[in-house]
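Required output: the full structure, derived from the provided sequences and hints.
Chains as they are written, first to last, in this note's numbering: chain E, 32 to 374; chain Y, 10 to 336; chain F, 85 to 150.
Mixed in with the good hints, there may be bad ones.
Stated by the list, open to error - Calculated pairs, DSS-like style, for lysine-lysine (alpha carbon to alpha carbon, straight line, at most 30 angstroms):
1) F:135 to E:276
2) E:148 to Y:147
3) E:346 to Y:308
4) E:339 to Y:243
5) Y:288 to Y:315
6) F:120 to E:269
7) E:245 to E:276
8) E:33 to Y:147
Keep in mind the hints are simulated off the structure, nothing from the lab.
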Amino acid sequence: MKELIQKINAIAKEISRPVSLMEVCGTHTQVISRYGIREILPKNVKLITGPGCPVCVTAQRDIDAVVNLATAGIPVATYGDAMRVPGYFGSLDNAREKGAQVFDVYSVEEAMTLKEKYPELVFFGLGFETTAPMTAWGIQNGLTVYCAHKFFLPAMEALLKMGELKVDGFIDPGHVSVVIGKRPYEKLKIPQVITGFSSQDVLEGILMLLGQIKNNDLEVLNQYIGLVKDGGNLKIQKIIDEVFKEADGEWRGFGMIPNSGMQIRKKYAAFDARIKYKKILDGVDFSHSKDPAGCKCGDVVRGLMESKACPLFGKVCTPDNPVGPCMVSVEGGCNVSYRYDRM
Amino acid sequence: MKNIDNITLDMGGGGAKSSEIISEIRGILKVKGKWKNTQDDSATFDLGKEKLVFTSDAFIVDPLFFPGGDIGKIAMSGTINDLSVMGARPIGVSLSIVMEEGFPISDLKKIIMSINKVSEMAGVPIVTGDTKVTEKGKIDKIEITTSGVGLATKVISNSGAKVGDVIISSGDLGEHTVTILAQRFNYQPKIQSDCKPLNKEIEKVGKFLNACKDPTRGGLAANIIEIAQKSKVKVVLDEKTLPYKKETVAVTDLLGIDIFSLASEGRFIASVSKEHSQKVLKILKKFNPEAKIIGTAEKGNGVYVKTELGSLRRVEMPRGKLVPRIC
Amino acid sequence: MCLAIPGKILKINGQLAKVDFQGVQKEINISLVDVKIGEHVMVHAGFAIEKMDRDYVNEMEGYLKA
Chain E
32 MKELIQKINA
42 IAKEISRPVS
52 LMEVCGTHTQ
62 VISRYGIREI
72 LPKNVKLITG
82 PGCPVCVTAQ
92 RDIDAVVNLA
102 TAGIPVATYG
112 DAMRVPGYFG
122 SLDNAREKGA
132 QVFDVYSVEE
142 AMTLKEKYPE
152 LVFFGLGFET
162 TAPMTAWGIQ
172 NGLTVYCAHK
182 FFLPAMEALL
192 KMGELKVDGF
202 IDPGHVSVVI
212 GKRPYEKLKI
222 PQVITGFSSQ
232 DVLEGILMLL
242 GQIKNNDLEV
252 LNQYIGLVKD
262 GGNLKIQKII
272 DEVFKEADGE
282 WRGFGMIPNS
292 GMQIRKKYAA
302 FDARIKYKKI
312 LDGVDFSHSK
322 DPAGCKCGDV
332 VRGLMESKAC
342 PLFGKVCTPD
352 NPVGPCMVSV
362 EGGCNVSYRY
372 DRM
Chain Y
10 MKNIDNITLD
20 MGGGGAKSSE
30 IISEIRGILK
40 VKGKWKNTQD
50 DSATFDLGKE
60 KLVFTSDAFI
70 VDPLFFPGGD
80 IGKIAMSGTI
90 NDLSVMGARP
100 IGVSLSIVME
110 EGFPISDLKK
120 IIMSINKVSE
130 MAGVPIVTGD
140 TKVTEKGKID
150 KIEITTSGVG
160 LATKVISNSG
170 AKVGDVIISS
180 GDLGEHTVTI
190 LAQRFNYQPK
200 IQSDCKPLNK
210 EIEKVGKFLN
220 ACKDPTRGGL
230 AANIIEIAQK
240 SKVKVVLDEK
250 TLPYKKETVA
260 VTDLLGIDIF
270 SLASEGRFIA
280 SVSKEHSQKV
290 LKILKKFNPE
300 AKIIGTAEKG
310 NGVYVKTELG
320 SLRRVEMPRG
330 KLVPRIC
Chain F
85 MCLAIPGKIL
95 KINGQLAKVD
105 FQGVQKEINI
115 SLVDVKIGEH
125 VMVHAGFAIE
135 KMDRDYVNEM
145 EGYLKA
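Below, the structure is given as C-alpha cells:
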C-alpha cells in the first residue's frame, strides 16, 4: 500500500499541474472518506464527489408522489435511506409516524413477501443499473412499482456537456459497470478507470487515472477486473430492457436529462403505480416539489460545491435533521462529509 | 428538539437522538436528592462504608426467542450488568411484566425459566415484581422491566479513563444485534447472541478498572465515545485488532450497517492502566479467550480508528435506527 | 450496498441458492447470473449480480483474513 502511495506521488509530481478526479459512485465517496484518502493524496490531485448516490439524485417530485400514495392509504415499501428524504409533504418516515403503512426492505424479495400480506403494496424503486434489475424481476413477478430508476451514463454525459466543471478523469462506478460493462463509457472521451471498493482498489484506480492523464490517453481502464467483464452482464441488460424503456428522467440538481429515466413498458402497465394510481397522483399539487430553500444538494451532486461550503451544512442541516437528501443517505456527499471530515 | 412533535424510532436507538429526548425528560424532573452518577449505567447513594447502586431497564425484543437467548435472559442479564459495570455486587432484582391477552403461557414459562437460569448463574435473586395484562394489540406480546440494587465499595464510573490507559474488550462484540438482524433478514450465521450476566468476571477485575461500560444500545461507538467524553481523553482504536468476528463483519457488510453500532448483551469494555492490563487480560481470558486490548487512551478528545493506511478516522455517534442501505 | 464480499454457492434450488459469506449463510436469488455450485458470486440487495473470478476470490479472501 505504501508503494502505491509513493507511485501516486511520483506521477502527480510529473504531471505537476492541478488535476481533478471525480468519483461518481456513492460507495467510493464513503471509502475515500473512511480511509482518509483525500489527506494522503498529493496536493495537486483533487477528488470531487459526483452524482452517484441514488437517493440524492432522486427528484423531489418522486418523493412527494410516493409520500402522497402512502398517506392516501397505499402501503409503500422501499430501501432504508429513501425513507428519510424530506419532501414538501414530509418523508415516508413521517408518513409512517402518522399511521401510514410504510416498510423498509433490504431486497425486492422482501417486498414480494410483504405483498402477500398487503396486496396493494407499491414498491418505490430507485437507483441505477444495480438495483433496477431486481425491480424488473419484481415487476415480472407481479410487484407494483413506482419507478424512479435511472440509467447512470447520461448523468456523466450531462456533467461533461454542462461544462461548468473541469474534470480530468472519472473513477467509474464498480457495480454499475458490472452490469453495463466497459464499452458504453468509451464515448465520453475522457480518462476513466472502473474501480473496486477496497481502499487499495481506489488507490490503484487513482494511479491508473493519473497514468492516463500523464500520457494524454483517453481510455477506459478496468481496475475491477475480477468482476467487471467488457460486455457487462448480458442477462441483467436483457431483463432491464424487457421491463423498462428509455425516457426522460428528472434528476435533482440536473433537471431533465434526456433518455436517462427508466419507464415501465406498456406490457407491464398493470404493475406501474404511476398508471394504477394515476387518480391519486393527479390530485397531488406538485407545485411545491422543488429543492428545499437554501439546500445546495443540486450543486453538491454536480460537483460544483463542496458540502462544507453549503450555508446550511452542520448548522440547520445535520444527519439527524436533514434538509436535503445528500445529508440523508449514508453515501450522500454531505452525510459522509459530516461524519468523517469534521476533525 | 426543533420541529418535532412526536416520538420517532431513533429516539430509542441509543444514539444522538436518544440523548436529546433523555435530557428533555431530565430537564422536567426537578427533585435531585443525594444520588450521584445519575447519568451513568446506575445511580449511586452513599451509605457510609459502602454505596448503594440502583438501576432500571425496560426490554422489548423482536423476536422474543433467538439463538443464544430470549427476552427473559436479556432482561435479567441487562440489569445485573448495569450494576456490575459500576463495580457493584448485585443483591436483588425486581421483575415487572406487561403482557397482551392471548400470549401463550408456555412462552411465559420459558421466559421465566430462562430468567431463573441467569439468576442461579449470577447468584442474584428476584425479590419483588408486578404483572399486568393489556387487551390484545395494546402492546406487542410482552414487555419486561427489571430494576436492581447492588452494593459497591469502589464505584467504577465511566469518567475515570486516564491518558496512557489501554482499552480492553471482554470479548468479541456485536453478536447480539447480529443474531437479531440475522433472524429478521433470514441469514444463518454460526454465531449466537452474546447475552449473559457479567457480575462474576467484573468482580474478579473490578479493582483494576478505571472506567467500565457494557456496550449495549449504541454499541462500541456510543459507549466508547461516552467514556472518552466524560473522562476527557482521546481514544484510538486499532483497525487491526477490532473485536469483531468475521461473521459479524460479513453481516454488517451485506446489510451496509455500521459495525460499531451493534449491541452486545454480555460484554464490557474497560479502561485499565498499562501496568495492570496484562493481569486483567489474563483473568478475563479465563472467562472468554477473545478478551483483548483494542485501543489506547491518549491526550485530547474524540474517538478514532487507526486505518490500514495509517490515517485516523473519527468514530461517530450512531444515528437513527439500524437500517440496511442499498447502493 | 456496494461492498463486495465473496459468497460461495453451496446449494441451488431453481432461482434461489444457498450462499456462504464468511460463515454466514443466506438464500440469494441467482436468476440474473449463470453459476454452478462451488462458484463465487457478488451479491447486491439480495441478488447475485456477477460471478467472481477464482483469482479475485483468492485475493479478496486473503485480504479479509489479513
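Hint check:
1. F:135 to E:276: Within the cut-off at roughly 26 angstroms; holds.
2. E:148 to Y:147: Holds: residue 148 of chain E and residue 147 of chain Y sit about 21 angstroms apart, inside 30 angstroms.
3. E:346 to Y:308: Status holds; Cα separation ~28 angstroms.
4. E:339 to Y:243: Holds. Residue 339 of chain E to residue 243 of chain Y sits at ~25 angstroms (cutoff 30 angstroms).
5. Y:288 to Y:315: holds, 26 angstroms
6. F:120 to E:269: holds, 21 angstroms
7. E:245 to E:276: violated, 40 angstroms
8. E:33 to Y:147: violated, 60 angstroms
Hints 7, 8 from the list above are not met by this structure, while the remaining hints are.
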